[in-house]
Amino acid sequence: MTRIAGLFGKLRAQQRKALIPFITAGDPDPALTVPLMHALVQAGADIIELGVPFSDPMADGPIIQRASERALANGVSLRQVLALVASFRHDDRETPVVLMGYANPVEAMGLDEFAAAAAAAGVDGVLVVDYPPEESRAFVSVLRAHSLDPIFLLAPTSSEERIAQVGTLASGYIYYVSLKGVTGSAALDVAAVAARIPGIRARTGVPVGVGFGIRDAATAAAVAEVADAVVVGSRIIEEIEHSARETVCDRVAVLLAELRCGVDSVTAGGKGAKWAG
Amino acid sequence: MALPEYDLPDASGHFGQYGGVFVAETLIAALDELKEAYAAAQRDAQFIAEFEHELKHYVGRPSPLYHARHWSAVLGGAQIFLKREDLNHTGAHKINNCIGQALLARRMGKARVIAETGAGQHGVATATVAARYGMTCVVYMGSEDMRRQAANVYRMKLLGARVVPVDSGSRTLKDALNEAMRDWVTNVSDTFYIIGTVAGPHPYPMMVRDFQSVIGREAIAQMQEQCGRQPDAVIACVGGGSNAMGIFHPYIPVGGVRLIGVEAAGEGLGSGRHAASLTAGRPGVLHGNRTYLLQDENGQISETHSISAGLDYPGVGPEHAWLKDCGRAEYVSVSDGEALQAFHDLCRLEGIIPALESSHALAYAASLAPKLARDAILLVNLSGRGDKDIHTVAERSGIRF
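Chains as they are written, first to last, in the numbering used here: chain A, -12 to 264; chain B, 73 to 473.
The following block holds chain A by itself, in its conformation from the complex (with noise of 0.2 Å):
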């Protein structure tokens, strides 16, 4: 079984939701990435998702394009951001990282040679954005080849036939992208979230992580209760983007552990709602 298949078992069995954090490997620092997954973990994290800069990151908003340019800025390619988890992996060995980025770097370094390195390294998953399943059939038997689980989105526009086909591919969990948009866009509708969650998760049989537009306690909590997973991005990049280097994991760990209490508060303990997968 691979991490994130017994995490989100070990989940269900104490019916909790999955928190998961995204931050830009190399951001503000290279130096600074591996202690912000720590805290990240301390505070509350069940998986991190660690973004791998990219020149041109089409799908992101305004926020993780900036970090995107202050990782990039600091030189930061593919092969350090394995060595990075690589680095994780010496004092955490449970946490499952999953990868996300563009297709670009990752053809550059080649779709074998990255598939070994990045399970060497300690990597679980790979979300490469602008990889629609169309396009990805080789890419998700070199991931097979080498046990990591290719992570998919859907969106509220994807159809049946589509949400099907992701459901052949996927392994892990499914990134239910919850509106219109790129990363950082304001409005969440958690009512529209929930009418499509059970769907997928029937349809595709893994489980479901919602993300977009979840910023604060309240907006995690919501989604906790339709979803398996709750996925923070851009106001997490916001809040290193706006702190000091002394400061910044401390910041991050303090508002991570306000979206884990809005996470728990509808799961056990909370208000009981049960895990539907």
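For the record, the hints were derived by calculation from the structure and aren't laboratory data. Keep in mind that this is a model prediction, so the values were computed, not measured. Every residue gets a Cβ at the ideal spot worked out from N, C-alpha and C, and that includes glycine. Since no wrong hints were added, every one of them can be taken at face value.
What the simulated footprint calls covered on chain B by chain A, stretch by stretch (three residues with Cβ under 8 Å from a Cβ of chain A suffice, anywhere in the stretch; the number is not a length):
| # | region |
| --- | --- |
| 1 | 91 to 102 |
| 2 | 232 to 246 |
| 3 | 358 to 366 |
| 4 | 369 to 376 |
Once you've looked at the hints, dock chain B against the given chain A.
Quick look at chain B alone, frame taken from chain A:
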């Protein structure tokens, strides 16, 4: 050599390994909707008739085929013919595609159009058709390009468009494209994204090529009429590659006609300051398609340079990537200096001020013509007029207005 039965892209939008649909899931439904709407429009005689009517009465097509006798005589070799896309309404080939896509937007019930622009020609053409068809128009433009092309920014505003400066990345065309994609994914229900070149996710490379192919179809008829035969080579500049695809595509099955795309070598291929993705790049994925890209060893997209904003792009349309690999087309490059020389020569010898983009194609023709016999024929796509570039040229010559 000619390719028998050329019918690319395939159903999934691929030209061999190039092209495709490399976008986030959030855009897939919009692209599927566009694919269906475009396929339906192609089968609709009324849509095609309206497109042709607009090209004739609004754009002023067919554009002339002009024998540049004086310039050819001075060069002392092949005869150079110019396909005069500079004489189109708005001064470049870009309008052909904008009319096609705007009519499609109207057919789909989308009242808002957005576009990215580099030199500003595609932005002006989009603002023009938006005014013509009563649509709201937003144009994304890199702030560096806005500085270089201030007159075109004002033109777009006169036409009623809102021009949004893009300050991210290199502040040029590629960043404007990223920003337009973000707008589209956010406002997809009422917005049509008019991409200006033969790049982006399927069906854009095919659709833009189809709308621009009128250039090549006219040229084939005009060459036959004026010369009784087809040219020895067709030469066009390539940034994203829409004017080149438009003139190349009808010529792909025509044997004995070389197809030559000319990229921007900027300050020289060795300088690192250029935009020659087919000549000096390698395959990768950007802006929704797989194609040749200028990138570093880690797969980060390089900042590019060309004296002409319209060629200043690190990628290229995927069909050009395919034509290069299969050998049907050749791709060469021309420096800023060589393009400027051709710009001045055409002004002085033919009384035509060419766009700096088109001047790259002219410069290559000028280097090739003297090596050929006097009865050889070169057909150059004069894709746009150079009025927009006079400030850039004057600055280079140390002249201030």
